[in-house]
Every structure is written in structure tokens, then in C-alpha cells.
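Engineer: Sequences are here, hints too, so could you generate the full structure?
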Amino acid sequence: MRATGFDKPLYILPDLDQVLVMTVNPGFGHQHFLYSTLGKISRARQMIDCIKPECDLEVDGGIDSETARLCPEAGANVLVAGSSVFGTNKSVAEAMNRLRAEGE
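Per this note's numbering, the very first residue in the sequence shown carries number 909; after that it's consecutive.
Don't read these hints as lab results, they were simulated from the structure.
Do not take every clue at face value.
Unchecked claim - Ranges of calculated distance between the beta carbons of each label pair, as one might list FRET restraints:
(1) 921 / 990: 24 to 30 angstroms
(2) 954 / 999: 36 to 42 angstroms
(3) 964 / 933: 20 to 26 angstroms
(4) 988 / 957: 19 to 25 angstroms
(5) 918 / 986: 17 to 23 angstroms
(6) 934 / 996: 36 to 42 angstroms
(7) 961 / 995: 31 to 37 angstroms
(8) 944 / 995: 22 to 28 angstroms
(9) 960 / 938: 29 to 35 angstroms
Virtual Cβ for every residue (Gly too), placed ideally from N, Cα, C.
Structural biologist: Listed below in C-alpha cells is the structure:
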């Protein structure tokens, strides 16, 4: 699988409400966050802010207490968390609250 640079969807950005940056290799859960995607998140946020500031920037993959802090710092405003919420022995509400608290 080949990564897609953010310049590919740039020409359609004015028509988008949300941009998704995958922070793992798509296809299966329980993967580790790819820290190299933080630069892509920052570049995407800069372009979004210039072209369509109301557009959400979503990240999906490897979200845990550390990356839940790093991704918003890089510019993401929507986080998708799977394993850190559903793959624990805590209730979904407890896991979400813990993720929010640790990510701040």
C-alpha cells in the first residue's frame, strides 16, 4: 500500500467538510501510531486553514493517551479511537473519559 500525499486532495478541499489522515496503515486494528504522520497532520491543517478553515481534520489509528495529545497539537480536531476504547477491560465511558483526561 502506498501513502497518499496531502497535495492530492488539495484541489477539492473547498468542497470538503472533513479531511481524514490515517495514522496507521489502513486495514486492521491494534496498530501502533505512525509518528511520521504528525508532519502530514500539521501540513494538512495549514492548508485547511488557508483554504477552508471550517473543515474538520480527522485522524484515525493508534490513538492512545499520548497520541490523543499530540494529534490536536499538530492540528487535528477529530480523533478516532478504537482499541484504546473498545479493547480494554473498562466500560466505553470509562475508557473515553480516561483517554480524554490523559490526552489533555
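Engineer: Hint by hint, say whether it matches the structure.
Structural biologist: Do the hints match the structure? See the list:
1. 921 / 990: 24 to 30 angstroms: holds, 27 angstroms
2. 954 / 999: 36 to 42 angstroms: Holds, since residue 954 and residue 999 (Cβ atoms, about 38 angstroms apart) stay within the stated range.
3. 964 / 933: 20 to 26 angstroms: Distance hint for residue 964, residue 933 holds at roughly 22 angstroms.
4. 988 / 957: 19 to 25 angstroms: holds, 21 angstroms
5. 918 / 986: 17 to 23 angstroms: Holds, at about 19 angstroms.
6. 934 / 996: 36 to 42 angstroms: The hinted range 36 to 42 angstroms is violated for residue 934 and residue 996, with Cβ atoms some 23 angstroms apart.
7. 961 / 995: 31 to 37 angstroms: Between residue 961 and residue 995, where Cβ atoms are some 34 angstroms apart, the hint holds.
8. 944 / 995: 22 to 28 angstroms: holds, 24 angstroms
9. 960 / 938: 29 to 35 angstroms: holds, 33 angstroms
Hint 6 from the list above is the single one not met by this structure.
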